[in-house]
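When you get a sec, could you build the whole thing from the sequences and use the hints?
2 protein chains.
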Amino acid sequence: MKFKRSSCPITNVLDTLGDKWTLLVIRDLVLGKRRYQEFTSSPERIASNILADRLKKLETAGLIARQAYQRNPVRYEYLLTEKGEGLKPVLEAIIVWGKKHYPGTKRFPRVEHR
Amino acid sequence: MKFKRSSCPITNVLDTLGDKWTLLVIRDLVLGKRRYQEFTSSPERIASNILADRLKKLETAGLIARQAYQRNPVRYEYLLTEKGEGLKPVLEAIIVWGKKHYPGTKRFPRVEHR
DNA sequence: CCTGTGACTTGCATTTTGAAAGTCATTGTA
DNA sequence: TACAATGACTTTCAAAATGCAAGTCACAGG
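Going line by line, the protein sequences match chains A and B. Here the first sequence is numbered in my numbering, starting from 4 and rising by one per residue. Here the second sequence is numbered in my numbering, starting from 4 and rising by one per residue.
Misleading hints may appear alongside valid ones.
Because identical chains cannot be distinguished in the list, a pair is counted as satisfied if it fits within a single copy or across any two copies.
DSS-like, lysine-lysine: derived pairs with alpha carbons at most 25 Å apart [stated by the list, open to error]:
#1 Lys59 - Lys23
#2 Lys91 - Lys102
#3 Lys60 - Lys109
#4 Lys60 - Lys36
#5 Lys102 - Lys7
#6 Lys103 - Lys7
#7 Lys59 - Lys103
#8 Lys109 - Lys91
#9 Lys36 - Lys86
Hints are computed from structural coordinates only; laboratory data are not their basis.
Put into structure tokens, the structure is as follows:
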């Protein structure tokens, strides 16, 4: 097996998730968001080109799946795969540490779907 | 309280740790590394300017402390603060997920000190 | 025909990253 | 006394990533 930087598991995780936006998209998915506009309307205001890029990379990495929810015209939504769901404990650990060290921060609530 | 991007704990954590290098420096510290050359000699080969930048930011963020270990000439080493130590569960969760999804990766061993 | 919606794409300026080489004080070696 | 080595950085500059604004494309409704 050949690794990009090293055989460290942390390093390899950072190669896919190590930036300021990717984990926020995962967070939104965990909270129940599925559609493009839902992601762009999160308070961090991700730029649409960055979002498109991250969705593509996450799909390639097998963390999310793109699925049409209607035809004429076809529209897509995104869902976490099992691999993506597996990141929940990582997010949990980050939230625990984050809430402790950034006073005033608060876990975001799940979003409702029809 | 005023936040850079939002009041989400994950977002605020990413504002300090969300890149490809910062967590690797933390990893090295957790493994027992303390000195500049120890960090640059890790297999990921961090560039010295990036390392200097990250050490400065981590110190500012209160995750590490810089301390002289000799005079004439003065030399420094870095140590995790309690806040920095608190990240261990985050690293643990990442390692668990990483080892599962990147076959062949393996937790790095602690380094020895004289 | 005109407006709106959803999911993007394009263009371009600003910012960050990365590789390589340089600095500076002091110590050890010849 | 000169010279190489060590440790902890700093500087330079090109390449890549980010961010903002605007544009596209297919269809639906009025």
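Status of the hints after comparison with the structure:
no. : hint           : result
1   : Lys59 - Lys23  : both (16 Å within a copy, 19 Å between copies)
2   : Lys91 - Lys102 : both (16 Å within a copy, 15 Å between copies)
3   : Lys60 - Lys109 : between (28 Å within a copy, 24 Å between copies)
4   : Lys60 - Lys36  : within (18 Å within a copy, 33 Å between copies)
5   : Lys102 - Lys7  : between (33 Å within a copy, 15 Å between copies)
6   : Lys103 - Lys7  : between (34 Å within a copy, 17 Å between copies)
7   : Lys59 - Lys103 : between (33 Å within a copy, 22 Å between copies)
8   : Lys109 - Lys91 : both (17 Å within a copy, 21 Å between copies)
9   : Lys36 - Lys86  : within (17 Å within a copy, 32 Å between copies)
When held up to the earlier numbered hints, the structure conflicts with none and fits them all.
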